[in-house]
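Asks: Start from chain A and add chain B according to the hints.
Protein chains: 2
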Amino acid sequence: MSQEKIYTAALVVIGDEILSGRTQDKNVSQIALWLNIQGIRLKEVRVVADDMDAIKEAVNILRARNDYLFTTGGIGPTHDDITVDAISEALGVDVVVHPEASRVLHKYYEKRGGVTEARMRMARVPDGADLIANKMSGAPGIRVENIFIMAGVPHITAGMLDALTGQLEGGKPLLSHQVGAWVAESEISEMLRETEKRHEGAQIGSYPFFREGRVGANFVVRSTDAHVMNACVKALRDGLDELGYPPIDGGI
Amino acid sequence: MSQEKIYTAALVVIGDEILSGRTQDKNVSQIALWLNIQGIRLKEVRVVADDMDAIKEAVNILRARNDYLFTTGGIGPTHDDITVDAISEALGVDVVVHPEASRVLHKYYEKRGGVTEARMRMARVPDGADLIANKMSGAPGIRVENIFIMAGVPHITAGMLDALTGQLEGGKPLLSHQVGAWVAESEISEMLRETEKRHEGAQIGSYPFFREGRVGANFVVRSTDAHVMNACVKALRDGLDELGYPPIDGGI
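For the protein sequence lines, the chains are A and B, in the order given. In this text, residue positions in the first sequence follow numbering that gives the first Met the number 0: the first is 0, and each later residue adds one. In this text, residue positions in the second sequence follow numbering that gives the first Met the number 0: the first is 0, and each later residue adds one.
Chain A on its own, in the form it takes in the complex:
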């Protein structure tokens, strides 16, 4: 099997509200699942404050070592929305008004009280940027170099991801299959390790839980190769059966 390129992405979640515990992030899992379908692997995530230096540091390191970098948060009209300024500084480019973004915002606010200086902040982009359509509200997302600047509000981010579907070059999607069993993972850890070792190109994750007064675990087999994944899943099911723990396909 030839070595295929694995496409990777990183995500920077920007916002004091995540770090203070006020808001439960939803964008990590949403973007991770979307990336899987595009054949791109989410490799690392950083959550940083609404702080120029913190954003710049994360953006510059992560954009250099991944094929794609996504950011969420900080692109609204208020004083704590500094993502565009920070990314422009990180890239060493000016902040400019994007004519199409300006047009979109004028149109959107035509029947909503008109544009204001604050609203026009949302037309500002790093020089050289393209827009990402936002069907949900006036303010577009922004694409510059390999960076995708998205909203913080999850359903707006979802709309932006929808606009990007199929637009990014990826590799083979990471396939996964889950098998569960009513077993303490420590009972079968040696079998898991051996099964993974015998199936190069597959990884087995083990996720224990305590439910209905009993311990159990779900095992997720991941591979970009369907053949390898299926062989590993079969070996895992057989292994559980032999040890006296009937496998439950799809997980518990």
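A portion of the hints provided could be inaccurate.
Said to hold, decoys possible - Taking lysine-lysine pairs in the BS3-like style, the calculated list, with each CA pair at most 30 Å apart, reads:
| # | chain 1 | residue 1 | chain 2 | residue 2 |
| --- | --- | --- | --- | --- |
| 1 | A | Lys55 | B | Lys106 |
| 2 | A | Lys55 | B | Lys55 |
| 3 | B | Lys55 | A | Lys171 |
| 4 | A | Lys55 | B | Lys25 |
| 5 | A | Lys110 | A | Lys134 |
| 6 | B | Lys25 | A | Lys25 |
| 7 | A | Lys55 | B | Lys4 |
| 8 | A | Lys55 | B | Lys196 |
| 9 | A | Lys4 | A | Lys25 |
| 10 | B | Lys110 | A | Lys25 |
| 11 | A | Lys134 | A | Lys25 |
| 12 | A | Lys4 | B | Lys55 |
| 13 | B | Lys4 | B | Lys134 |
| 14 | A | Lys196 | B | Lys55 |
Derived by calculation from the structure, the hints in this document are not laboratory data.
Replies: Then chain B, alone, in the frame of chain A:
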């Protein structure tokens, strides 16, 4: 007002299951809220894969520039649980069996089939470490230098946090108060900016939403100084009122 030390913490969330989107993280917000009460500010979070180098890099950078570093995940009995090994390497110390952890695990598994090699993996710690009590299951958390190694399963992490409550030196807790209004944040962004500027030591976060067919926003005022926070909240309420948007105390 004298400059008071602000205590900071970072968190490394370890686990392929978060990066694949399979599992929705709950530990960031749980640990953030707990830290606030201890007078410690969560400054940055990284989510990394079950990968030695990725864990080591994050641990070494974040432990150096924060008062405390927390990790979640990767301390179970299976092959993908490599947190103790990675942190030991990051610190340049050996992995050793902790006698008390060994005793706890022997006792816990006495009526659960006895210890096995896999289960005894959970007694392994970086040399020099202390234990963090875990009332929920046999495996303890681990404290070494300024690093706190916690479980990935949120209710087990909660028990470990409980055991640490009041044990960590912190500063003044970060206070916060929320005010909401049925207003598009772009209508009042100038007032927000000015209000924040006039109250040094307070930050105002603006969090828009779309609900019941209307746009609104919640504003969170944060400060370590109750006097400053209350003055800023009052100015914010007055500002909203003057612009024709009745403030709703506590948020919407």
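Asks: All the hints need checking, so say for each whether the structure fits it.
Replies: Hint check:
This hinted pair does not check out: Lys55/A and Lys106/B have alpha carbons roughly 50 Å apart, beyond 30 Å. Between Lys55/A and Lys55/B the CA atoms are separated by roughly 22 Å; this keeps the pair inside 30 Å, and the hint holds. Between Lys55/B and Lys171/A, the direct Cα distance comes to roughly 28 Å. Compliance with the 30 Å bound is thereby established for this hinted pair. With a C-alpha separation of about 26 Å, the suggested pairing of Lys55/A with Lys25/B holds against the 30 Å cut-off.
Restraint check: the Cα-Cα separation between Lys110/A and Lys134/A comes to about 16 Å, which is no more than 30 Å; the hinted pair holds. Between Lys25/B and Lys25/A, the direct Cα distance comes to roughly 10 Å. Compliance with the 30 Å bound is thereby established for this hinted pair. Distance check on the hinted pair: Lys55/A and Lys4/B sit about 25 Å apart at the alpha-carbon level, within 30 Å; holds. A hinted pair counts as satisfied when its Cα atoms are at most 30 Å apart, and Lys55/A with Lys196/B qualifies at roughly 23 Å.
For the hint pairing Lys4/A with Lys25/A, the CA-to-CA distance comes to about 29 Å; that is within 30 Å, so the pair holds. Restraint check: the Cα-Cα separation between Lys110/B and Lys25/A comes to about 40 Å, which exceeds 30 Å; the hinted pair is violated. Between Lys134/A and Lys25/A the alpha-carbon distance is near 19 Å, which keeps this suggested pair within the 30 Å criterion. In summary, the hint linking Lys4/A to Lys55/B is supported, as the alpha carbons are separated by about 25 Å, within the 30 Å threshold.
With a CA separation close to 33 Å, the supplied pair Lys4/B and Lys134/B exceeds the 30 Å bound. The hinted pair formed by Lys196/A and Lys55/B meets the criterion: a straight-line CA distance of about 23 Å does not exceed 30 Å.
Comparing the model with each earlier hint shows violations of hints 1, 10 and 13; every other hint is respected.
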